[in-house]
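Residue numbering for the sequence shown follows my numbering, beginning at 3 and increasing consecutively.
Among the clues, some could well be false.
Said to hold, decoys possible - Here are the simulated BS3-like pairs of lysine-lysine, each with C-alpha atoms no more than 27 Å apart in a straight line:
hint	residue 1	residue 2
1	Lys4	Lys125
2	Lys38	Lys100
3	Lys145	Lys135
4	Lys100	Lys32
5	Lys54	Lys32
Derived from the structure by calculation, the hints contain no laboratory data.
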Amino acid sequence: MKFFHISDLHLGKRVNEFSMIDDQIDILQKIVVFAKENKPDAVLIAGDVYDKSMPSVEAVQLLDRFLVWLNDLNITVFMISGNHDSVERMAFGADLLKHSNVHIVQSYRGQLTPVAMNDNHGKINVWMLPYLKPTLVRREFEKQDIITYTEALAAALSNIELDPSERNLLVTHQFVTGAETSESEELYIGGSENVDGSLFDVFD
């Protein structure tokens with residue numbers, strides 16, 4: 003199975019009050035051309051789709067066009083929110099869009115349900131997890147002492163019914179220990195927002 007993995011589109015970003023929208027239109031069109039040539043089974047959009055939690059109208063319209071372009075190619079889309087996004091705003095229309103094979107993560111409520119895909123090698127489960135903070139996870143696991151981001155992710159991932167005999171793919175957006183940060187990210191004291199990469203060992 004072939005996937006395209008993209009993230010951190012930051013649609014609507016402005017640099018020194020200059021809109022980057024024309025450049026973003028250009029690169030998304032190039033991605034669509036590349037997808038048409040290479041025919042991936044799915045495109046994974048792994049967070050920070052927008053640059054702000056309240057994106058501009060032109061940013062929302064550009065994302066809409068991008069999803070339509072991919073849908074016209076009959077490519078399945080999996081999209082999650084990152085730390086720059088509002089998961090509630092991004093999830094608008096998610097239940098309707100899944101009928102067009104556009105799967106958008108919704109607000110975390112303690113449970114994850116994968117989307118199943120199949121190829122010549124059998125079944126693959128695609129799990130989608132939005133950017134999570136400890137405060138979000140604590141609401142769902144009141145009996146657990148969840149302080150750190152690693153504890154939050156560990157709790158969230160412990161509550162899924164994963165079959166290790168099948169292929170399992172996780173799409174998430176977190177700061178993973180050892181990764182490099184970009185200039186657009188806020189750093190927390192001591193790297194407290196980092197999560198241990200070993201949490202994802204159960205996934206393929």
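Structure-based check of each hint:
1. Lys4 <-> Lys125: At roughly 14 Å apart (the allowed maximum being 27 Å), Lys125 and Lys4 satisfy the hint.
2. Lys38 <-> Lys100: holds (21 Å)
3. Lys145 <-> Lys135: This hinted pair holds, its Cα atoms lying about 17 Å apart.
4. Lys100 <-> Lys32: holds (24 Å)
5. Lys54 <-> Lys32: Within the cut-off at roughly 23 Å; holds.
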